[in-house]
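Student: Now for the letters of each chain:
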Amino acid sequence: MHGGRSPAGRKETCQGATAHCHGAINAMNLPAGAKRIVLVGNPNVGKSVVFNRITGAYVDVSNYPGTTIEVSHGGYNGSVIIDTPGIYGVSSFNDEERVARDVILDADVIINIVDTVHLERDLFLTLQLIDMGKPVVVALNMYDEVRVQGLEIDVGGLEQLLGVRVVPTVAPTGEGIDDILQAAESAGTGNRSLSLVRDLRDLSSVTDNEAEGLMILEGDEYVSGLHNTRPGGRREEIYLDRRQRVNAIVDQILGETDHGASLKVRVGRWMVRPLTGIPILAAILYAVYQVIGVFVAQTVVGVTEETLMQGYYEPFVRGILEGFIDPGSWIYTVLAGEFGVATMTVTYLIGLLLPLIIGFYLVLSLMEDSGYLPRLAVLVDRTMTGVGLNGRAVIPMILGLGCVTMATVTTRLLGNKREKIIMTFLLALAIPCSAQLGVITAMVAPLGATYLLLYAGVILGAFGAIGLLLNRFMPGESTDLFIDLPPLRLPRLNNVVMKTWTKTKLFMLEAGPYFFYGALIISAAQITGLLSSVQDWVAPLTVGWLGLPREAATAFIMGIVRRDFGAAGLYGLSMTSAQTLVSLVTITLFVPCVASVMVIWKERGTRMGMMIWLGTFALAFIIGGLVSRAMALVM
Amino acid sequence: MIFNYTVQWLICGGAVVTLADVKKGQKFVIASIPDNQIRAQAIRFGLNEGAEAECAETIASGPVIIKRGRQEIAIGRRLAMAITVKS
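Quick note, the sequences are listed as chains A and B, same order.
Start counting at 1 in the first sequence, then tack on 412, and there's your number in the numbering used here.
Start counting at 1 in the second sequence, then tack on 63, and there's your number in the numbering used here.
Hints were generated in silico from the structure; no laboratory data involved.
Since we're looking at a predicted model, the values are computed, not measured.
All residues carry an ideal CB built from backbone N, CA and C; glycine is no exception.
A couple of the hints might just be wrong.
As the list claims (entries may be wrong) - Stretch by stretch, here's where chain B covers chain A in the computed footprint (C-beta under 8 Å, at least three residues):
| hint | region |
| --- | --- |
| 1 | 501-508 |
| 2 | 1022-1034 |
To be verified - Some chain B residues flagged as far from chain A (calculated, every beta-carbon gap over 10 Å):
| hint | residue |
| --- | --- |
| 3 | VAL85 |
| 4 | VAL92 |
| 5 | SER95 |
| 6 | GLN100 |
| 7 | ASN111 |
| 8 | GLU117 |
| 9 | SER124 |
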């Protein structure tokens, strides 16, 4: 995604086969000759906040070839700062680790960011980085939590034991950031295990790059392959030894002044147990609905979409274009017609989607920062395993209620391909995005509670049934939940705001273009008459099978373009309560919007994309028809 | 894995206890983790074979939450059933 010149300056450091020359890091097009400072740390230690503090707003994001991981890099003082995905160790267990491994092997200096409250866990990676022989400095991040949690850290002692500079930092306020950058300037290697040093020396005939040597000793297949040697078989032994060293260090420098079950621990337990957890979740969901479903979706969007975009922006653009393009021509239609790339799409992205995305990411960041999200994953894990996923899948699901396109992108964080496919299908089928939810609520609410429950019931039922079937018949196994539960804390505002801002920016940059491509495709379909042909083709199904007025077909087709247009298309039709229910169920289950389709195509390929599209098309009509028949029997 | 189970069974005189069987508050020692990759990841968390931990919470038919030091880790039920422990 990041084009440009290749870093010719770095080639002189390549001697023989090394990861720098063959790894995909060259595709990142970093400035030639600049020092590479790499941020490494466990997930959720505040790496991105540190990264943002150092690099400011000017950041480039590259898609790592062959994976779906993104790597951010920016400049500081002539050096390049590279952020890596959160990892618990350097190896090749998953895409995150593979990418981090390559970036680390190529690093000049490593800033290891550590969650001070979790030293026993985080120091494993620290020791591994030191064992690799790289210059390292350690940022004891979240240092403000130390006193709060009743801990005492002997920072000087830790520095002596590790043999590298250790700097307490509090990333959201910026404390310690200048110090850590200064330390990075004069970073050195640390204290390694003597037996490892001996083993690495023995390996010098294969490679004199000690970091890669360690990878080979620990059994990394990729790096071993680069040097045409067999991977070592001693990973477990080395890991266990490292574990002992970490335990010894922690015993020496960590002290606790307070202990025992505090309120935070108790609340944390309430959140995971179903009896108390579900009411807590319901309360949270209600609050979220008020903020996003009512405030953002109606009030804010009313201003941004209607007043600003449709009131000022669109007429402005049309005025300019009409000056030199004939309003009847197809160019005009593509640019400013019904699905105009310059009008409707921009209005949609900025007027409707942007406020909603900000809202959703705000909620998600709050849940993440407070430590609620992993507990939610525990609460729903049992239900999720029923549909072939694990608790972590709750994240794309929540995001899907915001924007299915965005959520489909997030499926990358699921364990394996099987889970990604199942989640993508369920997102496309049964998760209504916020754009539709507004109109759907407006249409269902007047019908009364029964219909509301019926609607929710059918959608949840479809989700469950299809999930069960997919789980039963798809080959392979999904991964199990195996996550760390960070302590609960009050979310920090600057953390949350920064995360929301970064994620929103990434979403708009990444998914935004798909809305434009989608609009182009739809305009083309409209101009060539394809759109009306499909409408005519669908009409008999709509009337005969679903029992709806003929115009509903138009609404369904509109749903392919914009989910809210689709639902709104049903709004004006005069239908009975039963018909309304059928139409809403059908439009919810119906194919995802064009932008989602394009993301699905990109992430899962053509064949899977087609199957999902056709699958949801068919299922929407089948289930809609069944509901119609059922209602006819009951009424 | 069946071999592992048999060995455990013979040594413990019949009862093979897995992580899925522990009760809340029970302290235990991790005996074996069958899958190589999971085992390596567990070591990083400080949960190597021979490590002591405590069961913080169990959720009926759901994950098991174990506690080691100040760290809490949630493990899905299916995985918990594959990890054997001794008291």
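Student: Hint by hint, say whether it matches the structure.
Tutor: Hint check results:
no., hint, in the structure
1, 501-508, "holds (count 3)"
2, 1022-1034, "violated (count 0)"
3, VAL85, "holds, 16 Å"
4, VAL92, "holds, 15 Å"
5, SER95, "holds, 12 Å"
6, GLN100, "violated, 6 Å"
7, ASN111, "violated, 6 Å"
8, GLU117, "holds, 12 Å"
9, SER124, "violated, 5 Å"
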